[in-house]
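Asks: Sequence:
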Amino acid sequence: MSYNLFTEVSKVLKGKDKAINMPPVPKQVSDFLGKLGALEEVPMHNLIIDNKYLPLGRENNAEKGCIKLFALDPEWIECLINGALSLADENDQLILGEAMTGKYTAEFYYNEATEKVKKQIIGQYLPEKFEEELKNRLENNGVKYEDKTPTANQSNWKYTGFFIRSSIVSTWKGVEIIAYGKSDTTEKIDKKLQVVKLEQISYDIIYCICEGLIEKIEIIQPAETIHFDTSRIDIVKRSGNDGVLNISEIAKKNGFKDSAMLAEKLLAIPYKTELTIDRKIVKTWK
15 MSYNLFTEVS KVLKGKDKAI NMPPVPKQVS DFLGKLGALE EVPMHNLIID NKYLPLGREN
75 NAEKGCIKLF ALDPEWIECL INGALSLADE NDQLILGEAM TGKYTAEFYY NEATEKVKKQ
135 IIGQYLPEKF EEELKNRLEN NGVKYEDKTP TANQSNWKYT GFFIRSSIVS TWKGVEIIAY
195 GKSDTTEKID KKLQVVKLEQ ISYDIIYCIC EGLIEKIEII QPAETIHFDT SRIDIVKRSG
255 NDGVLNISEI AKKNGFKDSA MLAEKLLAIP YKTELTIDRK IVKTWK
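Basically our numbering = 1-based index in the sequence shown + 14.
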């Protein structure tokens, strides 16, 4: 027999604990509401209303991608969660109020971050060292170990984010994105923001959600990949294919003995680009 979320909510809400106002919420329900707050499984056509919002064209025979910024609207999130609870009984507003404190979404973010780190370190540390390494890595990423309490940004729904549509999404597998905000004590834009969601939603579109107000974005080529820079030499492409280089001809044209010497010349550090955000187009909070 399939699990009916709203039937289970109604059963619980009609239980013994009504007298204490806030009814107990089944884990399946809190997990579900936490994911909604993080826009998990929300259809993309509800987030991007039209493909024209993320245009992709060409300029001077080069691709012209785009980046679009957004801020999460707490009222929109509240309507989303309220809709999910609309089949419950009269106490659905109690659960909605609890969800809007950021509690369930904070728990979801913490669990996601913990699972990600565990996958990275599993099998690399002895059991007695595993938890210590888990704690260190979480806290290095701005996540307090075993603390699922909503941060000030989470409880006030202070999230900003962006969509990027570009060929770098499809060609730079594992692209690194770092978002910065203003320091708590100075006006310098040097505070790394907590990235709570980074997801590739199509072959050339990626979107990111951060805690706080984004002031600057860094996009960095994957450090674990070998990179070559062809901007310093004359390149030759294979005929009939404008995306494939003719390595042997490039080596000859630029005076290299063979492709190995050419490769050594072209080796480059990962490319990094910075985008500073125009504050006029980013929502601010009182």
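There could be a bad hint or two in this list.
What follows is a set of in silico ranges between Cβ atoms, one per label pair, in the way DEER data are often shown [said to hold, decoys possible]: (1) Asn65 - Ala274: 27 to 35 Å; (2) Glu73 - Asn155: 20 to 28 Å; (3) Cys80 - Leu140: 30 to 38 Å.
Using 30 Å as the maximum straight-line C-alpha spacing, the simulated DSS-like pairs for lysine-lysine come out as follows [unchecked claim]: (4) Lys266 - Lys230; (5) Lys133 - Lys66; (6) Lys133 - Lys251; (7) Lys149 - Lys130; (8) Lys82 - Lys211; (9) Lys78 - Lys206; (10) Lys149 - Lys230; (11) Lys82 - Lys202; (12) Lys211 - Lys49; (13) Lys206 - Lys49; (14) Lys279 - Lys267; (15) Lys187 - Lys117; (16) Lys78 - Lys162; (17) Lys117 - Lys205; (18) Lys49 - Lys66; (19) Lys158 - Lys286; (20) Lys206 - Lys130; (21) Lys251 - Lys205; (22) Lys41 - Lys66; (23) Lys286 - Lys196; (24) Lys172 - Lys82; (25) Lys133 - Lys117; (26) Lys132 - Lys149; (27) Lys133 - Lys78; (28) Lys82 - Lys49; (29) Lys133 - Lys149; (30) Lys187 - Lys41; (31) Lys162 - Lys206; (32) Lys211 - Lys132; (33) Lys117 - Lys130; (34) Lys286 - Lys133; (35) Lys251 - Lys117; (36) Lys267 - Lys172; (37) Lys271 - Lys78; (38) Lys117 - Lys172; (39) Lys172 - Lys162; (40) Lys230 - Lys66.
No lab work stands behind these hints, which were simulated from the structure alone.
Even for Gly, the Cβ is constructed at its ideal location relative to N, Cα and C.
Asks: Indicate, hint by hint, whether the structure satisfies it.
Replies: Now the hints, each set against the structure:
no. : hint                       : result
1   : Asn65 - Ala274: 27 to 35 Å : 44 Å, violated
2   : Glu73 - Asn155: 20 to 28 Å : 37 Å, violated
3   : Cys80 - Leu140: 30 to 38 Å : 48 Å, violated
4   : Lys266 - Lys230            : 42 Å, violated
5   : Lys133 - Lys66             : 37 Å, violated
6   : Lys133 - Lys251            : 41 Å, violated
7   : Lys149 - Lys130            : 13 Å, holds
8   : Lys82 - Lys211             : 16 Å, holds
9   : Lys78 - Lys206             : 28 Å, holds
10  : Lys149 - Lys230            : 28 Å, holds
11  : Lys82 - Lys202             : 23 Å, holds
12  : Lys211 - Lys49             : 11 Å, holds
13  : Lys206 - Lys49             : 24 Å, holds
14  : Lys279 - Lys267            : 14 Å, holds
15  : Lys187 - Lys117            : 33 Å, violated
16  : Lys78 - Lys162             : 41 Å, violated
17  : Lys117 - Lys205            : 24 Å, holds
18  : Lys49 - Lys66              : 27 Å, holds
19  : Lys158 - Lys286            : 29 Å, holds
20  : Lys206 - Lys130            : 19 Å, holds
21  : Lys251 - Lys205            : 43 Å, violated
22  : Lys41 - Lys66              : 39 Å, violated
23  : Lys286 - Lys196            : 20 Å, holds
24  : Lys172 - Lys82             : 18 Å, holds
25  : Lys133 - Lys117            : 25 Å, holds
26  : Lys132 - Lys149            : 10 Å, holds
27  : Lys133 - Lys78             : 36 Å, violated
28  : Lys82 - Lys49              : 23 Å, holds
29  : Lys133 - Lys149            : 14 Å, holds
30  : Lys187 - Lys41             : 35 Å, violated
31  : Lys162 - Lys206            : 20 Å, holds
32  : Lys211 - Lys132            : 17 Å, holds
33  : Lys117 - Lys130            : 20 Å, holds
34  : Lys286 - Lys133            : 27 Å, holds
35  : Lys251 - Lys117            : 55 Å, violated
36  : Lys267 - Lys172            : 55 Å, violated
37  : Lys271 - Lys78             : 36 Å, violated
38  : Lys117 - Lys172            : 14 Å, holds
39  : Lys172 - Lys162            : 17 Å, holds
40  : Lys230 - Lys66             : 24 Å, holds
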